[in-house]
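S.K.: Each chain is listed here by its residues.
Protein chains: 2
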Amino acid sequence: MIQVNGRAYAKPGRPTVVVCLDGCDPRYLNFKNAGEVFPNISRMMREGFSALADAAMPTFTNPNNVSIVTGAPPVVHGISGNYYLDRKTGEEIMIVDATPMRATTILAEMSRAGVRVAAVTAKDKLRKMLGHRMEGGICFSSEKAGQATAAENGIADVEALVGRSSPDMYSPDLSLFVLDAGIKLLEQDRADLLYLSLSDLVQHAHGPGEREADAFHSAVDARVGRLAELGAVVGLIADHGMNDKTNADGTPKVIFLEEELTARFGQGAVRVICPITDPFVKHHGALGSFVRIYLRKQLELAAVMEAAAAIPGVALVLDGKSAALRYEMPLDREGDFVAIGDTHAVIGSSRAEHDLKGLAGHRLRSHGGLSEQVVPFIVSHPVNEACRKLAENRRLRNFDIFDFVLNGVG
Amino acid sequence: MIQVNGRAYAKPGRPTVVVCLDGCDPRYLNFKNAGEVFPNISRMMREGFSALADAAMPTFTNPNNVSIVTGAPPVVHGISGNYYLDRKTGEEIMIVDATPMRATTILAEMSRAGVRVAAVTAKDKLRKMLGHRMEGGICFSSEKAGQATAAENGIADVEALVGRSSPDMYSPDLSLFVLDAGIKLLEQDRADLLYLSLSDLVQHAHGPGEREADAFHSAVDARVGRLAELGAVVGLIADHGMNDKTNADGTPKVIFLEEELTARFGQGAVRVICPITDPFVKHHGALGSFVRIYLRKQLELAAVMEAAAAIPGVALVLDGKSAALRYEMPLDREGDFVAIGDTHAVIGSSRAEHDLKGLAGHRLRSHGGLSEQVVPFIVSHPVNEACRKLAENRRLRNFDIFDFVLNGVG
Chain A
0 MIQVNGRAYA KPGRPTVVVC LDGCDPRYLN FKNAGEVFPN ISRMMREGFS ALADAAMPTF
60 TNPNNVSIVT GAPPVVHGIS GNYYLDRKTG EEIMIVDATP MRATTILAEM SRAGVRVAAV
120 TAKDKLRKML GHRMEGGICF SSEKAGQATA AENGIADVEA LVGRSSPDMY SPDLSLFVLD
180 AGIKLLEQDR ADLLYLSLSD LVQHAHGPGE READAFHSAV DARVGRLAEL GAVVGLIADH
240 GMNDKTNADG TPKVIFLEEE LTARFGQGAV RVICPITDPF VKHHGALGSF VRIYLRKQLE
300 LAAVMEAAAA IPGVALVLDG KSAALRYEMP LDREGDFVAI GDTHAVIGSS RAEHDLKGLA
360 GHRLRSHGGL SEQVVPFIVS HPVNEACRKL AENRRLRNFD IFDFVLNGVG
Chain B
0 MIQVNGRAYA KPGRPTVVVC LDGCDPRYLN FKNAGEVFPN ISRMMREGFS ALADAAMPTF
60 TNPNNVSIVT GAPPVVHGIS GNYYLDRKTG EEIMIVDATP MRATTILAEM SRAGVRVAAV
120 TAKDKLRKML GHRMEGGICF SSEKAGQATA AENGIADVEA LVGRSSPDMY SPDLSLFVLD
180 AGIKLLEQDR ADLLYLSLSD LVQHAHGPGE READAFHSAV DARVGRLAEL GAVVGLIADH
240 GMNDKTNADG TPKVIFLEEE LTARFGQGAV RVICPITDPF VKHHGALGSF VRIYLRKQLE
300 LAAVMEAAAA IPGVALVLDG KSAALRYEMP LDREGDFVAI GDTHAVIGSS RAEHDLKGLA
360 GHRLRSHGGL SEQVVPFIVS HPVNEACRKL AENRRLRNFD IFDFVLNGVG
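So the sequence lines, in the order shown, correspond to chains A and B. Under numbering that gives the first Met the number 0, the first residue of the first sequence carries the number 0, and numbering increases by one thereafter. Under numbering that gives the first Met the number 0, the first residue of the second sequence carries the number 0, and numbering increases by one thereafter.
Note that these hints are calculated values from the structure, not bench results. Heads up, a few of these hints could be off.
Which copy? The list can't say, so a pair holds if one copy fits it or any two copies do.
What the hints assert, rightly or not - When the alpha-carbon atoms are kept at most 25 Å apart in a straight line, the in silico DSS-like pairs for lysine-lysine are as follows:
id	residue 1	residue 2
1	K87	K127
2	K296	K31
3	K320	K87
4	K31	K320
5	K388	K320
6	K124	K143
7	K127	K183
Whenever a hint applies, use it, and build me the whole structure from the sequences.
M.R.: The following block contains the structure:
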């Protein structure tokens, strides 16, 4: 057994693959046409193990991918957003490497124990975090597949391996490329433990039952079926769900919180940080349902929190310490307070910082809040009693998935 | 050490009192005049231990009072509302005794170990739960102080003890009577471990800084000061916070969810249960920010949840199992789904079931949701390192208070 962040994991007895279906709200899998769109995954849900689990807060990509590979919440690993304000320097930082990570990963410790590990991700921003402390494994992104080298990524010629060139950042193929790479690695017997992390581009634009979502998910499902066919134990998980963030007329429902608080408390009174911000935000304009607020002037925190809570669409405000403790987030990276949007509202800073032109006619769909915490949790095989009991008796988390695939399947 | 629900508690070495300040939102204690209104409690906050803690969900009186005396969340003790629908019989049940309780209490086990225990509550509805399994202790309510007998309550002549007759149900004195009774029991050396649970009548009507709230809190503070003066270790906790539940114009912000879902899915489609409902609801009209929804017809759960989540003011909907696991509530008493209101919205069933005439000119203030989970957690004395570490390293809960006063103060 390999010890990682206080939990023990068995080395894989056969090829084991965890797929993070980025933004795969459980409603995609429950929609009325789900049986046709997801024949393979539906079969796994019937014949293996299927439940709903809670993602880590905030329900964004980085905190959850890192939670999944560390088997631990953000308070343990330090990643509580894609983007944060460094309290020491006052700088706003885009997380693009593993510098802010405070914990080792299951992938790293397995690689150090001689297991052949591969981590493949759609966007390169995640790659260095997933590969943190890994030794001798394979780790690359489909975004930069063409630039992978043996020295840096443990593999070269990824485009040749997959049989096509690196996809466009805003194409669904960015995710399918990840899965195809995983299939090839299995077919060529180059890895025993794989983590494949997709992009939520399609889910941001298309809800359950929409043609484009169906087309993408059918392609994902076929590839998941192929992974199982190759004899792998497959775990399917998501980093967060997804909801329409619109008014009744379909227009985006956005609270520009920095603007509203500035109007009330004066220019420069507060800074609102949107931790969904990442290098590629065309599909959501950096708008999610969780933000951190920093006071920049001598203000009464309670008064500013009250003002934020009174804005329609704000579901909940919490002071930073309460939020950190309640949602197991690192306190030193927390705001003076946080604001969480309701199911159908996103919170931004000011109009100038959010460009919604990239939506290109789609309605706004996004995540980050409590409404996107419920995600599917599926294992291709039945799991043992210890895992079944865990799922019955405590709140199952998305970051329990490696426990289930490594310790739960005989 | 006495074992209760998996935790160990030291017998009190000196008189120990836990006061549940019903509905005492932390903002009452942070308001600008708080130093004058709360001189004794402010001193305890400076010289003893003071933090914010999270109440149990839903943030109602019964679930939280029972969590506090059991030291455990609702999934352990079974009380997840004041009012619930029994799935086996279909009956709607007002909880007025200990029948639905599934766990013993700290008070009961201390009384069985020979500690002189007293539990005093404002409303009689709570009394039987607080006295559950108690042996030879004192347990009465100010509501029925005049009817207390040695056989039933372990004490008679309560009105003589306190020096006045049982107060009106809708008077602030209902709470002050509880505190005065506690003071008398200490003065006469009749108990070593006391739990004193107040009523939130005043907080429902008056926010921080309002004259009526100040007057009530000054009276509470003086009595808390007297308890400390008598040499007791005093723990102060709340069952939930409190927020204005109003539109910008001060009118109540109410979602009549059963009406809205009936309009959408047909007569008799759903039943909405408001677990805030109790025998005395004039001050809030049985309107809180957490409801349970039961489907009465063959409907697609996801479709009904979607419809509910789309209503402005609904912060979050969760299927029953997810809600039960996330908030540690008993699954067999959960709805098909739950709906949680945002900071300033309450959710009711239909207009006919909620009478707001009792507000008598006050704006609607209430609780039940996530925004009322943060409560003050105060101990009159400094606590030991084990307690301090607990408060730093994990989410402090209001039901940790007995641990702090019994195990944390030397």
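S.K.: Failing hints, ascending?
M.R.: none
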